[in-house]
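Trainee: The primary structure of each chain is shown beneath.
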Amino acid sequence: MELTDWELVRKCQAGEMDAFQELVSRYHQKVYMVVLGLLRQREDAMEVTQETFFRAYRKIGSFQGGSTFYTWIYRIAVNIAIDAQRRQKRNPLDFRDSMDGVLEAQNEVAKDPFSDLRDKELREHLVKAINELTPEHKAVIVLRTIEGLSYRDIGEILGCSEGTVMSRLHYARKKLQDKLRTFL
Amino acid sequence: MTRCEDTGKSIGRWLDGELNPAQSAAVCEHMSDCPACGEERRQLEKIETTLRSVLVAESARVELAPLWREVRQRIERKRAWYEGLLERSRELFTAPRAAWAVPVVIALLLGVFSLDSYWPGWRFGASRNSFAAVDSIDAHGRSVALLRENESKTTVIWLYEDQEVENEAAEEESKSSPAF
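Chains W and B are the protein sequences, given in the same order.
If you count the first sequence from 1, position 155 lands on 155 in my numbering, and the numbers rise without skipping.
If you count the second sequence from 1, position 153 lands on 153 in my numbering, and the numbers rise without skipping.
Excised from the complex, chain B in its bound form (with noise of 0.2 Å):
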């Protein structure tokens, strides 16, 4: 990296007072070698100042008195008991102050769901004793339910038809056939 580049990124921060003793001064001295340095100093220095006083000229014109007697009468108002909690609130949950909210929601969500890999037969307000149908699964026109019981860990799975489509097949077998 050459020195102007280097002298270049410093220059903002020698403006602020953020550099050491010896940083400040090899800055300095660059900038009083090097036209360019030199150049970028002024412009940095001209935009801080301007925007200086532009905003030093405007808050001139903030009068104490009327924005005193705003906030006074709005400290002694008395406040309905809703309002504290709205602004609790409002502060709780405003962004990015409930960022935290976010993965702690999901890590709770991940944790109840993967619970049933560590207690077979865990739902929400089941018995750990009771049957508990895990699945139905509906392939090429027959279902499957899985019941499990806890606590013999045995495990049924019972093969159906499913009694629409029997019923169907039955009327058009009926349909079919002749009579005798």
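Extracted from the complex, chain W is given alone in its bound form (with noise of 0.2 Å):
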């Protein structure tokens, strides 16, 4: 029987390095997602998923269960991605270059021509009005979109009310249906 997050987290805090490793597998790729949404290079998303997941091992001494574990992680990963966009300088390709390799490998399924240049356009402007965005606007857009969490969830996640997210979610959607709306 598959054991639950929390099972799986007091055997971390008993020192079962497996257990951990298991949250790793269970989690890795959607931190990723959440990260890569708000950074712009897969290199530093790699990166800072990495560092997400030695912090939380760092950390799980002190996790209570006060929230799930995903909001826990989560929220190591957005305070992260937030504090390396704010940092970041250095920054050769955007987001946009860097995921050129996912838009083409996307486009190679095309059945109807027409429809694929559509969307192919809006991928490639979807990505650089999301990169538009301030980190916050990002944070609560890409947590909606990726686990389809909650407005308590997401709030808990940035440290910030339900009426927050809710209205940082709205700004945001105009924001990208303002820019988007040739493509859609």
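Think of the hints as simulated: they come from the structure by calculation, not from any bench.
A portion of the hints provided could be inaccurate.
Stated by the list, open to error - Just so you have them, the derived chain B footprint on chain W, three or more residues with Cβ under 8 Å: (1) 22–31; (2) 120–130.
What the hints assert, rightly or not - Calculated cross-link-like contacts (lysine to aspartate or glutamate; reagent style EDC-like; alpha-carbon spacing at most 16 Å): (3) 9/B with 39/B; (4) 30/W with 45/B; (5) 46/B with 16/B; (6) 179/W with 48/B.
All C-beta atoms, glycine included, are put in the ideal place defined by N, C-alpha and C.
From the two separate chains plus the hints, produce the assembled complex.
Mentor: Put into structure tokens, the structure is as follows:
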């Protein structure tokens, strides 16, 4: 039977490294997705993902289960990513360039060439438009989109109220919609 | 406010499942009758599905094995004593966590500087009973010194000529005045 996150956390707290590996295996892609949504480059996203799990391991002893494991790990990831984004000075490639491989790979499965062209344009412009949002607006839209998290969970992760999450989401969506209207 | 304006603001919350059943039904009903709000919903859904597809495709590239190897290596590496200290201080002083420190420092400084109004003569390291030069003002060639004794609450105001100005004046006088 598969252990719950909390059971794995208890095992980690007892010093079982395998239990922590299982948690990393469950959440590494989701954490990476959130971080990549916030940062511009794959390399940076990978570094922040590693840092997130490293810090999570160091702090897991103090995790008391007051929140779910995924909100806890996302909170660590988002804080590191936002700090990294603010510090980010070097920027030889932007997220769009870095994501070109993915966008092209997705286009290879084209069926309707016209709709695929539109979709490709939309994806490219969406990535660019997301990058133009502030870290706080980017964070709400990414957390909501990837995990379908509730406003309450997002608020807990970002340390703000549900009302703030709601207004940030509304603003971020409007901004994206305005920038992408011609491609939608 | 029109129905469209009301609904327009709620479509995002409807998509997020954050409306109660009654509100949700009202928004749903309006969207099925109103082409503009229906289009708004379609656009928002399109943005969400596109963003998800981009990020999901990218995250599928991340392999667990190399990531775990890196994380495990870092966990097992013995840290120097200062690394832990650096980590803790970075966490403590990283904005916005250190934001509380700014008003606290301002309040402390104001407290220290206003202490003298409530406790006259108070100074860093100064004895309460000693004389303290409170101020010295240069006005029109005269200097004013205020001396205050704390215990008897006596204040002495001392007006004296600036020595340099005095000397200069004396010199000029001696030059201009005749020998006899």
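Trainee: Confirm or reject each hint.
Mentor: Tested hints:
| no. | hint | in the structure |
| --- | --- | --- |
| 1 | 22–31 | holds (count 5) |
| 2 | 120–130 | holds (count 5) |
| 3 | 9/B with 39/B | holds, 14 Å |
| 4 | 30/W with 45/B | violated, 21 Å |
| 5 | 46/B with 16/B | holds, 14 Å |
| 6 | 179/W with 48/B | holds, 14 Å |
The structure is inconsistent with hint 4 alone, although it conforms to all the rest.
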